[in-house]
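Go ahead and model the full structure; you've got the sequences and the hints to work with.
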Amino acid sequence: MHFLEKRPVGAFSTSFFVFACVLYCSDKNVRSIAVIGAFLVFAAVIITGRSLVVRGVRVAVTALSAGLLTASLFSVMTVDIWLAQIEDSSFEDARITGVVQSVVSKTSYSGYYIVKPLGDSSLPGDVKLYLTCDSGEFAVGDKICFTADIMPIERPKDYKYSLYSDGVLLFCDVTEDVRLVGRSYDIETRFSMMRDSVSSRLTSEMSEECGGFAKALLLGDRSGLPANVKRDFRCLGISHILALSGTHLTVIFALVRKLIPNRGKLRFLRFLILFGGVLFYMALTGLPASVVRSGIMFIIAATADLINRKADSFTSLSVAVLVICILNPFAPFDVGLQLSYAAVVGLVISDGIQKMLRVGNGSALSRISSKIISAFTVPAFLLPLLWLRFGEISLVSPLANLLLVPLLVPILPVLVILLMFSFITPLFSAFSAVSEIFISAVLMIVEACAKLSDFILPMRGTASFVAMMLFGIAVVLAIMTHGRMRKISGCVSIMLLSAVIFVSQLSQICDQRKMNVYYASSGNDDAIALASDGCTVLVDIGMYQTAIMKAADNGLSMRIDALVLTHLHRNHRRTVNMLYEGYYLKSIWLPVPYNEESEKVFEEISEDAESIGVTVYSYVPGEMISFGNCRMTAPVIEWIGGSSHPAIKFSAECDGGEVSYGSAGASWDVSSDNCVRIVGVHGHEANGALSDDEYLYTVIPSACAENFDSIPVSSVISDLTEICFGDSPTVRDVRK
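Residues in the sequence shown are numbered consecutively from 1, following the working numbering.
Be aware that one or more of the hints could be misleading.
Using 25 angstroms as the maximum straight-line C-alpha spacing, the simulated SDA-like pairs for lysine to any residue come out as follows [as the list claims (entries may be wrong)]: (1) LYS230 x VAL140; (2) LYS586 x VAL446; (3) LYS143 x THR285; (4) LYS586 x GLY613; (5) LYS600 x GLU137; (6) LYS310 x ILE299; (7) LYS230 x SER587; (8) LYS310 x LEU279; (9) LYS265 x ALA301; (10) LYS230 x PHE421; (11) LYS586 x ARG570.
Each pair of labels, with its calculated beta carbon distance range [as the list claims (entries may be wrong)]: (12) LYS265 x GLU137: 48 to 54 angstroms; (13) SER204 x TYR617: 35 to 41 angstroms; (14) VAL181 x ARG263: 53 to 59 angstroms.
Because the hints were derived from the structure by calculation, they are not lab data. Every value quoted in this text rests on a predicted model; they were computed, and no experiment measured them. Idealized CB from N, CA, C, for every residue including glycine.
Encoded structure:
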């Protein structure tokens with residue numbers, strides 16, 4: 001009898017993890033970890049007792065499981081203690097010596113690093129630090145010394161908990177230059193250096209795009225993955241392909257099984273090689289939660305094979321996640337683990353459906369049917385997470401999975417063999433060339449599917465409800481037992497319910513796309529999304545990314561026709577890249593630079609945008625920008641005062657309604673059903689008139705172009721020029 005009929009508790013426990021992730025994503029409740037731990041231990045007691053343990057030692061298993069439950073609950077208490085300490089952690093001018101464990105990113109003016117402190121520390125737990133510094137360039141393994149203010153991570157909660165899942169708990173604001181004091185050669189650093197070495201070789205042997213994809217697929221290093229590829233994978237709903245998972249270890253498993261027979265003394269040797277290979281790959285990839293999950297599952301499978309037992313997939317999955325939760329209570333917040341877990345659940349359920357329908361063996365038609373079932377089942381289990389994490393659904397996802405998975409079958413073995421022979425240059429070059437052929441085909445398919453961006457729908461507001469509905473599907477599929485008609489009728493009922501919900505959501509999206517105004521604010525950041533007749537424009541009034549990403553998420557479209565920056569700041573380079581990674585950004589509009597420094601920033605932002613295929617236009621404040629049924633006056637800087645962060649004022653008319661943003665204080669005024677007046681302030685409050693040396697840092701009339709470093713605020717003109725967003729933007733004087 002199949003596991004779906006014999007192991008309903010195991011199936012339910014697996015689905016329950018998805019449910020717990022949904023709890024976190026919707027309610028942001030860290031205590032959902034306690035529910036995960038308690039439920040999985042309960043499942044482990046029952047299932048392990050059935051599948052791997054004889055009756056005589058069931059009492060010992062129960063005692064062990066009770067101990068695991070205690071450890072799990074203790075780890076949850078540790079989470080609460082850590083959170084309390086983190087929120088209270090604030091050290092000024094702390095002197096820290098640490099080792100660079102990873103390089104988040106480097107720019108021409110700053111670097112972002114993950115640092116592990118060395119020696120005695122008053123910091124809570126085994127923490128890592130998120131370090132931003134403007135001096136020097138450092139590599140993995142560098143031992144550095146610096147003085148910094150230590151503070152809690154002030155980031156959106158999703159991103160903050162993502163850092164927590166990697167052990168990064170605190171943020172460093174460097175107060176003195178960072179100094180290089182040596183190198184670290186501990187085992188963790190050596191594996192990091194080995195990973196960097198393989199990454200560098202992959203990049204040197206392949207083209208930029210293919211090398212970046214190979215690094216991401218083999219080692220989980222996405223630093224070299226082009227922004228457009230990241231965006232396409234995310235928007236198409238196939239991010240799980242880039243998540244390190246059991247597929248890589250399956251290749252190692254298969255190679256060892258082929259090379260070493262399963263008989264006599266060789267049997268134990270095979271187990272040791274499998275065990276060592278799994279541990280080595282886990283360490284090489286930096287122990288991400290998704291790889292640890294698959295590694296534990298393979299170790300359980302290898303152990304079961306050694307003692308002539310058959311490992312149950314749901315049992316192994318439950319135990320793996322239980323161990324991960326105990327070792328790192330923040331692990332469930334890692335989106336890689338969530339996607340990996342959900343994908344495995346989908347694959348196991350898919351296998352059960354195929355056996356029920358008797359497909360997958362024999363004729364070519366049967367094997368094709370098997371692939372189609374997998375292509376639809378896996379995305380079904382990923383949808384709750386994709387909706388709640390990224391806020392959209394891709395109707396192209398099943399097609400992309402169906403086309404890409406057959407190509408990944410030859411790529412992964414070649415990449416694993418390439419990793420094994422990375423020290424032999426001729427073999428490494430040969431396998432790199434073979435890999436590049438298949439990777440190029442994968443990237444071509446992804447690019448072709450991404451052109452169907454109209455079929456990528458943002459789902460806002462009711463995502464939690466839809467996710468719960470899909471969770472219900474998972475539970476029903478897992479616990480259904482006997483009777484073919486009951487299975488068919490249950491599936492049909494759920495499909496009809498899904499169709500009703502989807503159609504209602506689709507009609508709502510179509511209505512909102514016609515006209516939508518959304519205002520986002522976060523601290524000193526403000527942003528506005530304007531949507532009209534299917535066009536979406538974002539106006540970024542701040543210099544950080546929190547507000548603009550909120551506005552983008554609520555723009556109800558994966559396509560952003562234009563990003564309008566109200567002033568020039570280097571942080572806007574990060575804004576452009578973040579938007580491009582998540583959305584189909586078409587163009588960016590920048591104010592004309594006002595002096596040599598702002599001209600440098602203008603050029604940097606322009607180069608970044610053009611390098612990723614985003615068209616750059618410049619505007620003069622006071623121009624009228626129109627798109628769809630919306631017209632907005634290009635942002636005007638009212639004053640600067642003593643700050644480089646100016647006050648901004650602009651207004652817009654959308655379908656007869658007026659939207660304005662100025663310096664009258666933050667307030668909302670809903671003046672009609674289709675009109676929202678937004679009034680806000682950004683920058684510092686004006687303190688009297690500007691002095692003679694305080695000037696508006698933007699070129700206004702062409703008559704002042706020769707002396708554009710010294711244009712006083714009083715020189716602002718009200719010339720109206722219309723700029724139309726579209727495939728061929730035009731500029732014309734509306735007064736004619």
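Going through the hints against the structure:
{"no.": "1", "hint": "LYS230 x VAL140", "in the structure": "24 angstroms, holds"}
{"no.": "2", "hint": "LYS586 x VAL446", "in the structure": "19 angstroms, holds"}
{"no.": "3", "hint": "LYS143 x THR285", "in the structure": "21 angstroms, holds"}
{"no.": "4", "hint": "LYS586 x GLY613", "in the structure": "8 angstroms, holds"}
{"no.": "5", "hint": "LYS600 x GLU137", "in the structure": "22 angstroms, holds"}
{"no.": "6", "hint": "LYS310 x ILE299", "in the structure": "13 angstroms, holds"}
{"no.": "7", "hint": "LYS230 x SER587", "in the structure": "19 angstroms, holds"}
{"no.": "8", "hint": "LYS310 x LEU279", "in the structure": "22 angstroms, holds"}
{"no.": "9", "hint": "LYS265 x ALA301", "in the structure": "19 angstroms, holds"}
{"no.": "10", "hint": "LYS230 x PHE421", "in the structure": "28 angstroms, violated"}
{"no.": "11", "hint": "LYS586 x ARG570", "in the structure": "20 angstroms, holds"}
{"no.": "12", "hint": "LYS265 x GLU137: 48 to 54 angstroms", "in the structure": "52 angstroms, holds"}
{"no.": "13", "hint": "SER204 x TYR617: 35 to 41 angstroms", "in the structure": "37 angstroms, holds"}
{"no.": "14", "hint": "VAL181 x ARG263: 53 to 59 angstroms", "in the structure": "55 angstroms, holds"}
Checked against the numbered hints given earlier, this structure breaks only hint 10.
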